[in-house]
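Please take these sequences and the hints and turn them into a complete structure.
Those protein sequence lines, which keep their order, are chains A and B.
If you're matching positions, the first sequence starts at 1057 in my numbering and goes up one per residue.
If you're matching positions, the second sequence starts at 18 in my numbering and goes up one per residue.
Take the hints with a grain of salt, since some may be wrong.
Some residues of chain B that are not near chain A, with every Cβ distance over 10 Å (derived) [to be verified]:
id	residue
1	Ile35
2	Val63
3	Ser195
4	Pro214
5	Val251
6	Leu258
7	Met277
8	Ser278
Some chain B residues close to chain A (C-beta under 7 Å, calculated; not the full set) [unchecked claim]:
id	residue
9	Thr257
10	Glu267
11	Asn268
12	Ala275
13	Gly276
14	Ser381
Calculated directly from the structure, the hints in this document are not laboratory data.
In this text, all values refer to a predicted model and were calculated from it rather than measured experimentally.
We put the CB at the ideal spot given by N, CA and C, even for glycine.
Chain by chain, the residues run as shown.
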Amino acid sequence: MTQTVSAPALEMRGITKRYPGVVANDGIDLEIRPGEIHALLGENGAGKSTLMNILYGLATPDEGEILLDGTAVTIKGPSDAIARGISMVHQHFMLVPVLSVADNILLGEETMANPIFLDQKEARRRIVELGNRFGFEIDPDAKVETLSVGWQQRVEILKALYREARILVLDEPTAVLTPQETEEIFAVLKRLAAEGHSIIFISHKLYEVLEIADRITVIRRGKVVGQRLPAETDEDDLAALMVGRNVQLVVDRGESHPQGPELTVQDLRVLDDRGNEAVKGLTFDVRAGEILGIAGVAGNGQDELVEALTGLRKPTSGRVALGGTDVTGVGPRALQNAGMSFVPGDRHRFGLVLTFPLEDNLVLTQYDEKPYARGPFRNDGAIRDWAARAIQEYDIRTPSANVTAGTLSGGNQQKAIVAREFSRDLRALVLDQPTRGLDVGSIEFIHRRVIAKRDAGAAILLVSAELDEVMELSDRIAVMYRGEIVALLDGPTAEREEVGLLMATGRRDAEALAAAATSMTAAAEIGAKPVESVAATVATETPAAGGGPAEAAPENESAPSAAEGVAPPASDDAPEREDAE
Amino acid sequence: MSFVRRAYAISIVPIIAIFLALLLGSVLIIISSVIQGKLNFALPLVAYESLFQGATGISFLDVKGQTITFAFTFDPERSYRALSATMQAAAPLVLTGLAVGVGFKGGLFNIGGTGQVLVGGFTAALVGAAVATQPAPIAITIAVAAGALGGALYGFIPGALKAFTGAHEVVVTIMLNSLAAFVIVGLVNDIFKITGPTFARTADVGNATLPVILGRDGSLGILIALVCVPIAYVLIYRTTLGFEIRTVGENPSAARYAGMSPRSLIILTMSLCGLFAGLAGAIVILGQGYYPAVFGTTIGFTGITVALLGRAHPVGILLAALLLGGMEAGAPAMQITAKVPAEIIGVIQGLILLFLAAEVLIRSTFRIRAGRDTPTAAELTTVSASYGSGQA
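This is the structure we're talking about:
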């Protein structure tokens, strides 16, 4: 994309914001041109959210000024920001699930026929028109709860456009999307930019930023540390800028020395919440000293498998054994005692009690064991000692062991969980999305620990929606498709394309390749609980969306993207709580 | 330093709530002065002073007709009597406050304090009468324990219903309150009625009557209530069981993941709530020596105000109970001296509860930042979540 140099649509000059104990923004300069997709890159807690909150009027800067089209402005609050054409699309959607698309868009920006009644007809017309203009057909009467996350994201964008936003801020928009959905949203964003909208794209996924951005600004510890054009940089360069040192994006896994089977699963069958069989007779084993990676598009039974293996869900049949002992259907406590550790995928729901101090969270699964308990009493001294050690050893960045876990960034929360689970005396380790939503520095750290644990002889089962993660860490890769393992591959030699194809179609023959081009959308949508009709529309609409010459030949594009994609995650946020107040 | 800051963060909203309630109460007192013939804007001052005097024995005003002068008087004898009356009124409130507060910690909203008080008191009365002739220490121990057990059993029911069927504890305990009240009235009027007294009541508990240990009527119940405060504190904050209870209260999914059993912990927590409420009933009934058919007690409900005011922390609950107990003990003095109806105390208590429930409003009005570790977030969520989003 060529960029004609023109007056910036938005300029933030010397923005400084201090919170007690931290300088969240330290003299940040940011300049956004009209029609530009500008990526803001930084680790969790680098100050991206603070900067955007200032732009959106949620926080007032201590120093610095904001210029819109060259005029200095004071943004008093979100409604002021919206009135000035700035809109924010949050990572966690602010939509009312039970209301229709149109109602959600109208909320707060009611189009009135007269002082009492809404002009629903006019509103619908505008929504449909806007949707068409930017390449997605939307049913204004569909209930939001029936839409897939990808479509909900589009509703959020539409909401911004309905308010005639010129500057859109997207806070990690792809964190909750499947690769296909990400591609589709990117097409929409490019279209928006082509129409002259400016987009601030916040992310810490390097490859995405390289793909979509016109310019990239990197922030570290509240300061702008660099600006890059995608053509002049690469992932390693960006990662080093972000973290402040060279980062090994792919950790050296070394050679594994597997022993005998430690965790054996035979003909395991598990039902999902709706009573459908989600895991259909799985048989596999994980050997001591190896990492078995489960690859698969989200929603192919991985969640149910993990829950069954960790005692959170009872299997309907089959057998699970740990170190030769039958542990089928036993609860989490018994499994822990048998030597199983588990890093759950949803750290806010399962992994942590966010309102508890960090030190309590560091003993959440060991609170009743020695030395953290003395008879029926807690041994606070021992807990404190261990917390100090864990913070040191696992590089958990926190003001103290007493702050509540909810105030930590996502990376540090995850490190706390890893510290807790890895410190146990364990035989087997189940890792569910161990690095979801984390920045590169934390990912590197956790990956190193996982390898170290493997080399110490643990049997590790890794489930991740990030195909890259599975490829990088696994000694063997099992591909899960519709509740079954469709292939078991050797980790170091597996081909990314092959795994991607297996994930998407469950097959790897020539037929599958042919099928891939046409059935892509359907395969990717398995986990996304879409409205079928809408999903079908997407499939036909997407190519149109990327209509420019640069995006020619959409059919060719969809196959590789499917194969490589099917990765990224449904993420969770990294609460930068300093901003949350 | 950080302790002071923490104490401030925790107590500022309750203090504002009390202040606002007294302020609004004084408007009502001024309006009520019309009864005395003439609008009297000084009456709230006089009334609150006499209330304070009734509760503590300390006086700082001299009222002679229309002239009011400041005069500090402190009489140790009078203060001792007043304070023991305050403590006597506060003792059951400490226990019913704990009955609600412990529930909050476990993510449960126990509205069943009233029913648990009645069942606990009734059990204590019956068992007390049965052991009436035993030596006092034995009789008292057995009767008090019986009351606690009765309350615990009555808390066990909603706990088990919630754990196994998902029935919401608020709905169940409200119904159990009525059930306890009517069934016990029926029993006292019929099966357990003794001949002799002019009104229906159970037999005397004899040696199980709690002795007076403080002032004119400060019974052994005060000591029982006081002992329960550190016990509750240690249980909640210093034992692994308390950690389990709090974990279930904050995040049941994480509790399950950590290998705890949310189901049995819910039952246990509700039983524990019932135990404290049952103790409250026991010390009230064993203090007066029998269970009267007409036993209209409000201590169960006041326990909710106490728990919220005390931020569900045992020490806070103790302070809150002393405040509300003092109001009740001082009310008669206020009615006599200032001629302000004692019922105004109920109104003020209600206002305190109202302002506490409107915490968000108070915070925004007075521009108080919500502290990250203000321990009430969970409690208030429990209260609000109790209507609507029952997470069984």
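Each hint, compared with the structure:
1. Residue placement check: Ile35 of chain B keeps its beta carbon more than 10 Å from all beta carbons of chain A (closest about 26 Å).
2. No Cβ of chain A comes within 10 Å of the Cβ of Val63 of chain B; the nearest lies about 44 Å off, and the non-interface call holds.
3. Chain A leaves Ser195 of chain B outside its interface by the beta-carbon criterion, the shortest separation being 35 Å against a cut-off of 10 Å.
4. Distance check for Pro214 of chain B against chain A: the nearest CB is about 46 Å away, which clears 10 Å, and the non-interface claim stands.
5. Some Cβ of chain A comes within 10 Å of the Cβ of Val251 of chain B; the nearest lies about 8 Å off, and the non-interface call is violated.
6. The beta carbon of Leu258 of chain B is not kept farther than 10 Å from every beta carbon of chain A, the shortest such distance being approximately 6 Å.
7. For Met277 of chain B, the requirement that its beta carbon stay farther than 10 Å from each beta carbon of chain A is not met, with the minimum near 8 Å.
8. A beta-carbon of chain A is positioned within 10 Å of the beta-carbon of Ser278 of chain B; the least distance is around 8 Å.
9. Checking Thr257 of chain B against chain A: minimum C-beta separation of about 5 Å stays under 7 Å; hint holds.
10. A least Cβ separation of about 5 Å between Glu267 of chain B and chain A falls short of the 7 Å threshold, and the interface hint therefore holds.
11. The criterion of a C-beta within 7 Å of any C-beta in chain A is met by Asn268 of chain B, whose closest approach is roughly 5 Å, and the hint holds.
12. Interface restraint check: Ala275 of chain B against chain A, minimum CB-CB distance 5 Å, threshold 7 Å, status holds.
13. Because the closest C-beta pair between Gly276 of chain B and chain A is about 3 Å apart, less than 7 Å, the hint holds.
14. Checking Ser381 of chain B against chain A: minimum C-beta separation of about 13 Å lies over 7 Å; hint violated.
Hint compliance for this structure: hints 5, 6, 7, 8, 14 are broken, all remaining hints hold.
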